[in-house]
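Participant: Starting from the known structure of chain A, fit chain B with the ligand onto it as the hints suggest.
Protein sequences appear in the order of chains A and B.
For the first sequence, the numbering used here gives the first residue as 1, with consecutive numbering after it.
For the second sequence, the numbering used here gives the first residue as 1001, with consecutive numbering after it.
Every clue listed holds true.
Where chain B lies over chain A, by a calculated footprint (3+ residues, C-beta under 8 Å): (1) 34-46; (2) 318-324; (3) 408-418.
Heads up, simulated DSBU-like pairs for lysine-lysine below, C-alpha to C-alpha not over 35 Å straight-line: (4) K414(A) to K1002(B); (5) K346(A) to K397(A); (6) K17(A) to K1195(B).
Derived, one-sided and incomplete: chain A residues facing chain B with beta-carbon distance under 8 Å: (7) A354; (8) S360; (9) L382; (10) G388; (11) M399; (12) E446.
No wet-lab data here; the hints were simulated from the structure.
By construction, the Cβ of each residue, glycine as well, lies at the ideal position given by its N, Cα and C atoms.
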Amino acid sequence: MSQLTLDHASASVEFNKNEPRVDWHDETLWFVRTKRDRAVAQIPEWEQLREAASQIKNHVLSNMHDLLVQFEENAKQNGITVHWAADGAEHNAIIHGLIQKAGATRMVKSKSMLTEECHLNDYLTQHGIEVIDSDLGERIVQMRKEPPSHIVLPAIHLTKADVGETFHEHLGTEKGATDPQYLTEAARQHLRETFLTRKVALTGVNFAIAETGGFVVCTNEGNADMGAHLADVHIAAMGFEKIIPRAEHLGVYLRLLARSATGQPITTFSSHFHRPRPGQEMHIVIVDNGRSRQLGRPDFRNSLKCIRCAACMNTCPVYRRSGGHSYHSAVAGPIGSILAPNLDMKQNADLPFASTLCGSCSNVCPVKIDIHDQLYKWRQVLMQEGYGPTAKTVSMKAMATVLESPRLYRMAGKIGRGVLRFAPVTVENRFNPWYNQREMPEPPAESFRDWYVNHKKS
Amino acid sequence: MKVGLFIPCYIDQFYPQVAIATLKLLEKVGCDVEYPLQQTCCGQPMANSGYAHLTGGCNDNFVSNFAGYDYIVSPSGSCTLHIKHHLHATNETAATQIRSRIYELTEFLTDVVKVSTLEATFPYRVGLHQSCHGQRGLHLAQMSELVAPPFSKPVQLLNLVKDLELIQLDRRDECCGFGGTFCVTEEAVSAKMGKDRVADHLRHGVHYITGVDVSCLMHMEGILKRANSNVQVKHIAEILTATL
Ligand code: SF4
Chain A
1 MSQLTLDHAS ASVEFNKNEP RVDWHDETLW FVRTKRDRAV AQIPEWEQLR EAASQIKNHV
61 LSNMHDLLVQ FEENAKQNGI TVHWAADGAE HNAIIHGLIQ KAGATRMVKS KSMLTEECHL
121 NDYLTQHGIE VIDSDLGERI VQMRKEPPSH IVLPAIHLTK ADVGETFHEH LGTEKGATDP
181 QYLTEAARQH LRETFLTRKV ALTGVNFAIA ETGGFVVCTN EGNADMGAHL ADVHIAAMGF
241 EKIIPRAEHL GVYLRLLARS ATGQPITTFS SHFHRPRPGQ EMHIVIVDNG RSRQLGRPDF
301 RNSLKCIRCA ACMNTCPVYR RSGGHSYHSA VAGPIGSILA PNLDMKQNAD LPFASTLCGS
361 CSNVCPVKID IHDQLYKWRQ VLMQEGYGPT AKTVSMKAMA TVLESPRLYR MAGKIGRGVL
421 RFAPVTVENR FNPWYNQREM PEPPAESFRD WYVNHKKS
Chain B
1001 MKVGLFIPCY IDQFYPQVAI ATLKLLEKVG CDVEYPLQQT CCGQPMANSG YAHLTGGCND
1061 NFVSNFAGYD YIVSPSGSCT LHIKHHLHAT NETAATQIRS RIYELTEFLT DVVKVSTLEA
1121 TFPYRVGLHQ SCHGQRGLHL AQMSELVAPP FSKPVQLLNL VKDLELIQLD RRDECCGFGG
1181 TFCVTEEAVS AKMGKDRVAD HLRHGVHYIT GVDVSCLMHM EGILKRANSN VQVKHIAEIL
1241 TATL
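Just chain A, same shape as in the assembly (with noise of 0.2 Å):
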């Protein structure tokens, strides 16, 4: 990860400099959007479904402890070990100490942005322990030295000709290949031979039932199974919010993650883990990481909600043209915005901004979060606890003191329209940031009360 974070807004013009790639960036997610629009559409109870799975989550969110209990219980008595993490420091701290325990040096991973969250991978190269990310993207990404981009489509802000640029680096491919069998090829060939040599293998885990002390991980290659089947220790490491009450509350979730996600009916592999299989070790361990203080906070507790379908990202016409890499965080995007400023104000101050509140993202999400509301909340929390650039803060008490006062409304209204009409070099000029791609607005000679009080007046 590079050491220097740009804020949202200055990556952004770096992202734009490059208008053709933003166009297909966008396009493509776009194309994503309207295939879930095209499989939601099939579901005329759609709407109830999203209802369903909001109300499940709210319950989940106010018995949290007795669920977790619960699941806890039932894992330990299928012969799962349960471990607790109260951030990302333990989490990271007790899957170093199980693969040491395992004698292992290596290890195979699928998907799970909690571990990106808790930077593992970067943790346990530190410590000597090599992590091969085995989720397509993911690996891509990995081997550049990069985050993921997308939660679901880690690799979507690279094209087919980056991807061959960097298998030929890697993994030896032809110089100049993009044909995607001939280089998917080439990666299951060389994740094969991964799977087959890893005593530990960690998943993520995309739901746990309270209820039977089991968890089902979702993934559209298999290879959080080839990891977890052929591996002596399976460490599955979840958020504690991920947890739902009963396995009958599964079909609401898988029907709605995989349409919001992709417009799949159904993940390819839904795989049910219950209990390890003879000989084999089940890890779980369960990370709050500042979880417990956002559901803590009445205005953003829903956000745990969250089943990351990344349907939010899709949508948000910002990040489609900003990239995820903009924000700086593991969850990039919408969600990511809300749940980033919870884990370090000061650190993400800018990202509730990062939005027009449009409103697409909480209609889009499938378990009803009020998403844009929550950016426009964290505005004011971030502003009033005073992470506003002070510019900021003097500008808007400036506009402040003038709006509340119609006098100097009207003569601020009248000089700014006398300076547009008589100077306008004064604002059309590269410090105005509107100005730079826009040109503006025509000033008229009276303002609208002015023409009322002269013609309806008499």
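Facilitator: Okay, now just chain B with the ligand, sitting in the frame of chain A:
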């Protein structure tokens, strides 16, 4: 039916013709309209920038201008939405009443006045930009994210205009990227969104782009002008009052 006309600050200053059209339209459909002279702004620029705590004075001023009207009507979805959701004031009883009585122009015409005919003619190809705050916030039209029957209050009204040809966009309700202060703080993304939005209209050969929010139109107008396009923007009130 006494209607208080709320004209957002930038319309007052830069687009008086939109306010005039709105006033004429409301009078034409039989409303008794008054424009309170001491109004300024709804406070949204501060609130959306995270400074809702500085909007007290603005809110009190709004309440003292608009208390007591049967309806408050505004040619702006986004300012209307802001008032509906966020207006609180020293006189909270009056603020509560205002929140429930404020309407965006097109929803007022379709839902309250129930307009079924208009004497307007506009013989051009027109693209409608569904501004997000009006569409998704006030639910002026069905949004493409939901599985629900389609409807659109602005379209319902535009269909009453003689000779107007409404075109279909490829992305029927994508945001234009204006977003209040977003248009300057996130200039790169904002301008790119605006360019893409305009391109969708141009692809379909429009003569005019219309909408219920002047802010979005101002943004797209700036982009059209920079590109030396002869396509123009017009607020929906201007089209609904257009005659040959
Ligand atoms: S917030 Fe909603 S739409 Fe976004 S990833 Fe989570 S579940 Fe999906």
